[in-house]
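Using the numbering used here, you'd call the opening residue of the sequence shown number 968 and step up by one each time.
There's no promise every hint is true.
Beta-carbon label-pair distances, calculated as ranges [stated by the list, open to error]:
1. 1255 to 1119: 34 to 42 Å
2. 1034 to 1233: 31 to 39 Å
3. 1064 to 1340: 45 to 53 Å
4. 1183 to 1142: 36 to 44 Å
5. 1072 to 1183: 45 to 53 Å
6. 1145 to 1045: 22 to 30 Å
7. 1255 to 1343: 26 to 34 Å
8. 1343 to 1036: 39 to 47 Å
9. 1142 to 1362: 20 to 28 Å
It is worth saying that the hints were derived from the structure and are not from the lab. Don't be surprised by glycine CBs; every beta carbon is placed ideally from N, CA and C.
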Amino acid sequence: MPRARDRARDRAPGAPRARARDRRRDAAGDRAVSAAPSVRATRWVIAGGGTGGHVTPALALGQAARAAGEPCLFVGARRGLETRLVPEAGFELVALDARPLVGRSPRERAAALAALAASTLAAARALRAFRADFVISVGGYAAAPAALAALLLRRPYAVLEANARPGAANRLVARRARRIFVEFEAAGRALTGRAADPRVVATGLPLRRELLAAFAGGTPARSPAPPFRLFVCGGSQGAKQVNDALLAVLPRLDPARFEVVHQTGESDRERVAAAYAAAGVRATVVAFERDMASRYRAADLVISRAGAMTLAELALAGRPALLVPLTHTGGGEQLENARERERAGAALVLDPARDAGEALFEALEKLLADPARLAAMAAAAARLARPDAAERILAACRALLGPDGAEARA
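Working from the sequences, and respecting the hints, build out all of it.
And the structure:
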């Protein structure tokens, strides 16, 4: 019966014209599909490095790009941590002879400018050979040459600024950046000179995927049961000041009340371990901690420096902190970072002008006597977490490109 109906329909008046219309419609659909623009993978260049605070978010961006099936080239300095960490992560690195952008004498400043010009040309050759679509500057010596090379080649670039007080490289290139991604909104104001700029996006900092996975289910609640667990991490720079502050406090602590995990740095581990043993305080003392997620998870309070990456990790873990900012190097970035977190209610900052041990003891006593404040600090830290920072940054940059990878013009 269906075949009979089909034959009857085909014999109906106008059937040949209907079949012709169908064939034309099908052909037009085929042409539309074949003419649809194909979206090719964005080719990323991530530039900068030098310290862990620059290299870690750069690698997190690279991991996110790789997860999306997009090629990524790193441009760094020959003397930075990136020369080891980037190849270990499986990425290609072009290492420039990049140097500080400032000098104390006229001769040093002239040498810095000459090195910047040479590094910019070397970066331009690397970008052209890689067929780069988009450059992201994460700060550090090699960031400025790569961003300037992007300008020469008419490639769009963005800036990722980790600190509340921006570094020299990002200050140099921010004016022509298509987007400025920040952890602290104060950095956006400093880079643009405006209270509000549409290019500035508070995405937070990209974090290591293993750390993100560890807290994918949320942050664990603090246990009210004793002992009170401290995690002390001085970081790779200047850990001795943090170590000394803790050792000054130890004789005044009740050994039964505390349990401590203390990352000391390589040179200070034995001295610190001996001090804990003498004070009778239960402590795990390590030179370097690889499993930061477990340490954050177990801690009731973290005592640390105020590097931007550390603060982003504390937010992800939802942990309150006593911050001992590094003040004798750089441009005071850590103190600015720490003050921002204190204003947000997520941390207390030890006054650099005071004796560190005395200030630390007073802050510990204050927090131990006020569990509600500790809980409020933890909640404030968790509100600052941005676990999707890497994906948001890449998506915002892709939105500036056409489907063929060319920069979209307004």
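Hint by hint, here is what the structure shows:
1. Under the hint 34 to 42 Å, the C-beta atoms of residue 1255 and residue 1119, about 41 Å apart, fit the expected range.
2. For residue 1034 and residue 1233, the hinted distance range of 31 to 39 Å is satisfied, since their beta carbons lie about 33 Å from each other.
3. For the pair residue 1064 and residue 1340, the beta carbons lie near 50 Å from each other, so the given range of 45 to 53 Å is met.
4. For residue 1183 and residue 1142, the hinted distance range of 36 to 44 Å is satisfied, since their beta carbons lie about 38 Å from each other.
5. Between residue 1072 and residue 1183 the beta carbons are some 52 Å apart, a value that agrees with the proposed interval 45 to 53 Å.
6. Taken as a hint, the range 22 to 30 Å holds for the pair residue 1145 and residue 1045, whose Cβ atoms sit roughly 28 Å apart.
7. Our hint of 26 to 34 Å for residue 1255 and residue 1343 holds, since their Cβ atoms are close to 32 Å apart.
8. Remark: the range hint 39 to 47 Å for residue 1343 to residue 1036 is upheld by a beta-carbon distance near 43 Å.
9. Taking the beta carbon of each, residue 1142 and residue 1362 are about 24 Å apart, inside 20 to 28 Å as hinted.
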